[in-house]
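What follows is the residue order along each chain.
2 protein chains.
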Amino acid sequence: LDLASIRKEVDDVLEGFLGDLDRARETRSLAEVLRDFIAAGGKRIRPLLCMLGWHAAGGSGDATAALRLAASLELFHASVLIHDDIIDDSPVRRGRPAAHRVLAGRGPAGSDRRFGTSAAILLGNLTLAWSGQLMWTAPVTDRQLRAVLPVLDHMRRDVNVGQYLDLLASGQPSGDLDGALAIVRYKTARYTVERPLQAGAALAGAEPEVLRACSDFGVPLGEAFQLRDDLLGVFGDPARTGKSVLGDLREGKHTPLMAVALRRATPAQRAALRDRVGNPGLDEADAAAVRSVLVATGAVAAVEQMIGERHASAVTALDGAPFCAEAAAALRTLADIAVRRTS
Amino acid sequence: LDLASIRKEVDDVLEGFLGDLDRARETRSLAEVLRDFIAAGGKRIRPLLCMLGWHAAGGSGDATAALRLAASLELFHASVLIHDDIIDDSPVRRGRPAAHRVLAGRGPAGSDRRFGTSAAILLGNLTLAWSGQLMWTAPVTDRQLRAVLPVLDHMRRDVNVGQYLDLLASGQPSGDLDGALAIVRYKTARYTVERPLQAGAALAGAEPEVLRACSDFGVPLGEAFQLRDDLLGVFGDPARTGKSVLGDLREGKHTPLMAVALRRATPAQRAALRDRVGNPGLDEADAAAVRSVLVATGAVAAVEQMIGERHASAVTALDGAPFCAEAAAALRTLADIAVRRTS
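For the record, the sequence lines run as chains A and B.
With the numbering used here applied, the first sequence corresponds to residues 1 to 343, in that order.
With the numbering used here applied, the second sequence corresponds to residues 1001 to 1343, in that order.
Take these hints with a grain of salt, some might be off.
Chain A is nowhere near these chain B residues, computed Cβ spacing over 12 Å in every case [said to hold, decoys possible]: (1) K1043; (2) G1242; (3) K1243; (4) P1267; (5) G1308.
Computed spacing ranges between beta-carbons, pair by pair [unchecked claim]: (6) R212(A) - P1150(B): 29 to 37 Å; (7) E326(A) - T1064(B): 26 to 34 Å; (8) D1275(B) - A24(A): 34 to 42 Å; (9) S244(A) - A1285(B): 33 to 41 Å; (10) S1005(B) - G175(A): 49 to 57 Å; (11) A1271(B) - D176(A): 23 to 31 Å; (12) D1036(B) - A289(A): 38 to 46 Å.
If you are wondering where the hints come from, they were derived from the structure by calculation, not from laboratory data.
Built from N, CA and C at the ideal position, the CB exists for glycine as well.
All chains should be modelled from the sequences, with the hints used to inform the complete structure.
Laid out in structure tokens, this is it:
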């Protein structure tokens, strides 16, 4: 199971499907924006996990349906990101202007921010519809359809709940570590890792204990993945991550990293954080000051430890999982990449 | 087939489902906003058409699955309206503050417009997920599921395409009648009438000729419905319609009504329209001036005639349709209401 070649197969499905959308004149311009968005990159983590879930549960032979399901998860994710960038007012995604910024330049009356936001809400919705279309038109049996639908259904709810909790907490980071971890659980652990794995496994006809093993491995790994993401969002190299290191801080994202720092901070350190985090005018110097507090309080080290613990717990779950051996090995590789990555 | 009692049954399903959502602590506050939104009114035209489509195609006996499908269309529509009100920046829906305005008052930091918009994007997405959940968990056979999915899939695409065409044309009404009618076809004829009818019919196991008859009746009726809506949007009684008569004009909505008026206008009348329509500052006096041009050019009379022609064509299609007689009679009643309504 070679991750790079699975990725290539998923991308081929996406390219074929998005290419066909050009035939509908009314949506050609929106489909074009989506194609550029997909082509600009992304880790394809959900499609890869879906394919590994399918193999783990014994899926083999013709992978057409599994690849379509995997590709549909990437379109679903694109719809989430397009809306998310509106919500966060992020100018950049994958090193290029975010969809609402691209669309702002395509309004009938020239550059128009409101048009961009509105068109991006619709593009997100249409992308979700296309994601469904890619899935429902896959060659699946009734039994497969019945098994996959509830997983996708949970996935849809998990991500929106996570985003809502995130939104409620944004702008006023606090020491509420449990609250910060709940956001991580919904937005990433379930949505990004557990559900994609389960979707692929369900397609392969997984028994309940296989679906449970997907959770036991996926939830801690997903938490570790997001904790790494939070560190990269503040300490990462924008040239590698494709996003500014000021965004999360300006937004005042309520992360476990920030919660731990606020809990451990001296009054002066706490004031240094509160004065800057969540301020849309935060600059490079402010970010540097915040970073030094995050390091000095030991919050960075604590989060690194949380990542290590969760990675270990995922690997332990994998050792006991009733997965096909080859898929388990690939999942371990993926777990290592997810946790150690720099982009 | 009594429309009022069908409506009551659909509302009972909605109430039961939305009541159950309260059990999930994380989404309780969003579910509450949705319940108020649904309880505030709405014509339930899509659920009614879905139930009539089911009966028309011979559906009978236990209506549980049909009612859940019908109710899921109303939730789907709520998700569309919640996003639509963000796009149009409409302050009012069904005589109450629009969802993004309600949510703006529920942010963590007090009244916050950006929070309201973001939370409403997520509420729309979550409502769509709930709509799917209501449908997938209905007691349907595999064959029913397979028949209904492609119809819902088309419905999702139709409404987003229609809204995008609408958005592209808004703010600069023109004499392009074909363009205005294309918006009407996607947004209303297909999304509001044809697809809900077909969804119900598909659930009942409709043969292709029954699905075609749904289109032959539904598309002209849907166009008539929207043309009536456009007239009510400018000439209606806000106390009855629940929405301001300034909204469509301020937005510069590209309607067939406006297209006909611009085609027939004298230079002075055209200037009177162009100076006012699409101006966010348009006031009651401006609206009165626009209304008098719409009447004087004969555009109102022309649109009334278009409504009459389409109503007649829908009724003719109904006469030849292979529908169960009782459902056909109810569809005729509904067609009359849709076209003659004042709210």
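Here is what the structure says about each hint:
no.: 1; hint: K1043; result: holds, 22 Å
no.: 2; hint: G1242; result: holds, 22 Å
no.: 3; hint: K1243; result: holds, 19 Å
no.: 4; hint: P1267; result: holds, 23 Å
no.: 5; hint: G1308; result: holds, 28 Å
no.: 6; hint: R212(A) - P1150(B): 29 to 37 Å; result: holds, 33 Å
no.: 7; hint: E326(A) - T1064(B): 26 to 34 Å; result: violated, 45 Å
no.: 8; hint: D1275(B) - A24(A): 34 to 42 Å; result: holds, 36 Å
no.: 9; hint: S244(A) - A1285(B): 33 to 41 Å; result: violated, 48 Å
no.: 10; hint: S1005(B) - G175(A): 49 to 57 Å; result: holds, 55 Å
no.: 11; hint: A1271(B) - D176(A): 23 to 31 Å; result: violated, 60 Å
no.: 12; hint: D1036(B) - A289(A): 38 to 46 Å; result: holds, 44 Å
In this structure, the earlier hints numbered 7, 9, 11 are contradicted, and the remaining ones agree with it.
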